[in-house]
Each structure stands twice: as structure tokens, then as C-alpha cells.
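K.L.:
Spelled out from the first residue to the last, the chains are:
Protein chains: 2
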Amino acid sequence: MVNQVKLNDSNSTRVPAATLRKQLTSIFSAVGTPDDHADIAAKVLVSASVRGVDTHGVANVVGYSQNAENGTYSIPQQMDIISESETTALMSGGNGIGLVSAYTAMEIAIEKAKKFGLGMVSVKDGHHVGMVAYYAMMALEHDMIGMSMTTAAPAVRPALGARKMLGTNPIGFAAPAGEERDFVLDMATSTVASGKVGLARRIGVPIPAGWAVTTEGEEITEPPDGENDSWALNPLGNTREQGSHKGYGLAVMVDILCGVLSGGGFSAQLSRGENMTWVMAIDIARFRDVDEFKSMMDDMIRELHATTALPGEDRVLVAGDPEADASDDRLANGVPVENGQYAAIRARAAEVGVDVII
Amino acid sequence: MVNQVKLNDSNSTRVPAATLRKQLTSIFSAVGTPDDHADIAAKVLVSASVRGVDTHGVANVVGYSQNAENGTYSIPQQMDIISESETTALMSGGNGIGLVSAYTAMEIAIEKAKKFGLGMVSVKDGHHVGMVAYYAMMALEHDMIGMSMTTAAPAVRPALGARKMLGTNPIGFAAPAGEERDFVLDMATSTVASGKVGLARRIGVPIPAGWAVTTEGEEITEPPDGENDSWALNPLGNTREQGSHKGYGLAVMVDILCGVLSGGGFSAQLSRGENMTWVMAIDIARFRDVDEFKSMMDDMIRELHATTALPGEDRVLVAGDPEADASDDRLANGVPVENGQYAAIRARAAEVGVDVII
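Chains as they are written, first to last, in this note's numbering: chain A, 1 to 358; chain B, 1 to 358.
Treat the hints with care, as some may be off.
Because identical chains share one entry, a pair is satisfied inside a single copy or across any pair of copies.
As the list claims (entries may be wrong) - The list that follows gives simulated cross-link-like pairs (lysine-lysine, DSBU-like), each with its CA atoms no further than 35 Å apart: (1) 115 - 294; (2) 115 - 6; (3) 22 - 115; (4) 6 - 114; (5) 294 - 114.
These are calculated hints, taken from the structure and not from any lab test.
Let's have the full structure, built from the sequences with the hints guiding it.
P.N.:
Now the structure itself:
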């Protein structure tokens, strides 16, 4: 099964998270990113690596900083509030670094939720936001529930359809627990995220039937050589019988909240690298006592963990468990950076003329 | 494949929607439901039947009115706002008719969204709400986006788990289009809604592998004889490889917003018939011009409809299409009521002492 390349001592190098953050900040700064934006972008990428979401982690500093340098991203980015009410904002991300605009949007949503109970921001003129749950998780320290979504250019077919029309359009949702670990859902609305197919290709293993099909509807098990129009990812559910209209419907919901509500465009209108984003914050205390909420979250999480596992399975997990396990390890022992990516980050640091400190 | 029992002239009787609504209202009234509540309950059930969602349609008047009579539902129900802010409310449904409390909650959410851009209500002390998308759809005529969710007692296993721990916990989402039909998503977070397994049992056909498993993890194809602890529905995605953690994660998200945020309890704490509900309204005009929003919705829907279908499939649908097709037919030609259900509604009307008018 294709999961994650297991990073180990022979294929990766452990670097303390704080050092990574300093290195990434310096690279972003060197290509003209204002200090506060460089700090945000580095923080979000390092967080993904710490949580084990390596596809959205520190290695992305290379491409993002190239985009900043070559004008694909407008740097320094000018974020504007196009329209605003007590609880809502339509924001332009200024075609800059997507991480920075999504982060700023969630800060605005949280401020609005502090004042009026709820806050919601839809962002146009945006780029890739990395690990989408990051922005939902920003709500946690404020005793809020967070939600975040982002669109992307087409990679996924609609249910019954033979052509890619939707991004993998992921959904992030975070709610704080008390003694247990917070609930953090981060899911593409396709059966798998694009990264897993790319990973299978790189490491030379087949992919399971159910992940992707050709335009003729034939199952793909040999990972395709890059993005092209001859194949598409399946929506979560895969077939009509197994609920493909559900993954598809969720993907369109994401398109509506991110792309249509912002006016930035739905998936089929986006070019690769364009991403519209939507975030929401919910102030729990407006509904009920926060400690009681967290205590019920704990009860729920414990009951789920205590569920008898299927034969052959170890135990029942709750969304966020694998990432929290990775965090525990990586904050204590350093973040493993795959050797090719490690070399690429070092090379990029040298290229933009900053000290190589990792 | 198990889909819907096709209603036709030999197994059903067509009744005008307005007549059904009058009949249902009179039955609800006869068991002590206040007039305005009886009107709401009848309207919601008839709407489900008109839209072809027969499992949540008019036949439910029999059970609901029995619950009202035997004290399972507290009638007349006393709905209370337990806590409230500009944009939020925690509501008690007063253990009455779930349709009435969910409807009232969405009315409150819409009023709040009119004033502050967003409105959100979480409802405890609730019962079955029927077709969950109804409440999301209430937003449409106000040029708002609506969202609705509801929990239920366990029927679905967590990913990797062998015991049912979650309700089918459906999600409703509605957004208005311009010339095209509105986008209306209504999906259980399990692979199939419980009703489809019950339907297969009643009509004596097998169910596909992937819908349900025994506590030993064996695929079930013979539909089980009723709810019991020996089997569970699969979460959307079915297997680890095909994304079962996603359907599971969404089900928990629904539990958090409906059950934990309201304090009414998560699925594993609920008895059969207890359902907590969550609704949200988003005022589109706070973000952008409503006509421009709808025009982009139209463009998106047209592009999805124009997608080449997979070999063997007729055409690509958009969420809400099958229900809108059913509405067109049923509003013009009457709502087909399956003969057994038709007889049961008539019998129930006679039993509570009202005129039988269908």
C-alpha cells in the first residue's frame, strides 16, 4: 500500500523545528517577502512537517520562493478587504503567498468571532495554502472551532464524469478537546490527495484500483507520468454504488464557498497554482461553557478510541492522532527532512544568499 | 442495484401535494400539535415526498403522530433559547417534533444572518428532522447559503472499528443558482443511508459489498434483519485504502457541531430517535453582488453538466438534480404514495378522528 515514504536515518536528516523555521524565514525574506509574511509562511510550512504532512512541509520553500522571485507570486503582497461586515469579509490575497493570505484571513475570522460569535472570510486572488487544517487549527487556542477549505485547478472527475473538473478541494476542521488531543480533520474530497499518486510514481509502486481512472473509465494502477488530460482522480466514494456523488458533492461545496462566494472562480476556471480559500471561526462560549464542551469532547474521543478494532487492525484512531504522534516525535527528536529535499533547501538558501543553517 | 423502489400506477397512488399537506396537518393537529407546528411538520414531510426522498416523506406522519400521542414527543413542544449572541443560539427543541425545532432553528439563523451576515444554531433535546437538506434550502429564498447537519444514534462504525459508534450523521448544503437549478447536497456520511439497507430487506434483494460489515469485518450482502449489534454500516470510503477515515471524520464533525456544541450528546450517547441538529445561514450579499454570485453558480453548473460522461453513463448530474426532476413531475402530476403507506396514512387519519381526504 502506498502511504508515506517512511523517513529514517538513511533517507533523511533530522533538523530541530526552530532551526528549520529560521532557515525558511531567511529564504522567504531574501526574495523580498516582508518580515511578518516570511515568518508566517515559515511557521505554516514547519508546522506541516512537524505534523508529518511532509507533502505540504518545508520542502515547499524552494518552489514558493522561486515563485516569489520570478513574479508568479506578487511580492510584497498587497492583501485587501474588498467587502466586510460584522462577521464576514471578502479578501484579496493579492496574488501573493497563499499561506500568508489564508493565515491573515483566519486571523480576521477569529477577531470577528471574538466580537460577534462567528467569523467567515472568503479569499480570492490566492495561491497554494499548504496544509489546509493549519488555518482551522488557529482557532483552537482561542477556544473556538475552526473550519477551512481550499479549491484547486481540476484533478478530480465528477461522479459519472470522465474528465477532471474539480480540485482535490480539501476540508479542514478543528475542535478543541480538554485532556485528550484536539480533533483535527484534514481531508481531500477525492479518494486520495494528488500527492499520493505522485509519491507512488516516484517510489515505483502501483496504486490501488479506486484511486484514479482513465477518460475511458478504466482503473489505473500504474501511476500516471504527471498531470495530463488522459486521467482523473476519483471523488471520495469512487463509484455510484459506493457514494461517489458524496465526494463530488463535497468538492462542489468547497468550490462554492471558496471560489464562487469569493468570486475568484471555481476549479474549472483556475490555472494550476491558483487556489481560493474559505475559513470560519466559531466561538464555543457563545453556545455553552467551554470546559463542559471540552469535557464532552474528551468523552467522545475516549469512546471512539475504546471501540473494538476490526480483525487485523491495531486500534481505532481519531482524526488528528497520526499528526499528533508525529508532532510528539518530531518536536522531541527533530524533524526528518528527506535527503533530496534537505539538499534542495540548502542549495536554495545558498542561491538566495543567506546562511545555510540546517 | 438497490436504489429506490420505482413507484408506479400499480404500487402507488398519486395525491396532489396540497391535499397531502392538508391531510398531514390535520393528523398532527388532532394529536395536540399547535396549528403552526402542525403546518411546519406537514410542509417538511410533503417537501421530502415531492423531492422524491420518500424515506423521509409523508408516511412518517404515522410514526411521528404516534410519538406525539404516546408521549415520546412532548407536545405541545416548548422550544427555548438557552444561550444567544448576535449570530449564535443554543436552542432546546423541547423533546418535541424534530422537524419543528430544526425549522425554527433555521428561521432564527436566517434572521441573525440578515442582521449580522451569519447565523448559526445548535439544537439539543431534539428528535428526527427528516430530510436534512430541507433546512439548508430554507436559506435559498433569502439569497443565502444554508447548511444543516444532524446526528443520530449509532449505526456506522469508525474507520478501522468493528462496532457501530456513529449515526449516519448527514450533511445538507444549499446554494442558490440563477437560471440553473439550485445546488442542494444531502448526504449521509456513511456509504449509504440506513434506509437503503432496510429497503433491500423489504424488497428481498442483496446489497453490494462495501455498504455494511459484521463485527468480524465480513462483508454483508444479505441485508440484516433489523438494527442490532452484530453489524454496522461502513463510513463513506469503506476501507482505509479508499478513504474510510474521511467519511468517519465527517461523521465526527457532525457529532461535534450538533451534539457537543449543543451539549445534547454525541451519537454514542443518543438513544434511537434522539437527534441533535445544527444549522447555519450565510448572507451572500455581505461578500459580493448576489446576481454575480448566481451567474457564476450557473456557469459552474453548466460546465459540470457538460462534462463528458463515463462510458455507460448517461450524463453528469449536479447535487439536487434528481430531486428537482422528481419535484417537476410530482408537482405537476401528484405525489405517488406507495400503496401500503397510503393505506397507513388513511388509517391513521381515521384513527385520530379527522376526515380522510387523500
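K.L.:
Each hint: holds or not?
P.N.:
Tested hints:
When the C-alpha separation of residue 115 and residue 294 is checked against a cutoff of 35 Å, the pair qualifies both within a copy, at 22 Å, and between copies, at 30 Å. Taking the closest pair of Cα atoms, residue 115 and residue 6 never come within 35 Å of each other, the shortest separation being 45 Å inside a single copy and 52 Å across copies. For the identical chains of this complex, residue 22 and residue 115 are intra-copy neighbours only, at 34 Å inside a copy versus 45 Å across copies, given an alpha-carbon limit of 35 Å. Proximity of residue 6 and residue 114 under a CA criterion of 35 Å is satisfied in neither setting, with 41 Å inside one chain copy and 51 Å between copies.
Within a single copy, residue 294 and residue 114 get their C-alpha atoms as close as 18 Å, and across copies as close as 31 Å, so both meet the 35 Å cut-off.
Comparing the model with each numbered hint stated earlier shows that hints 2, 4 do not hold.
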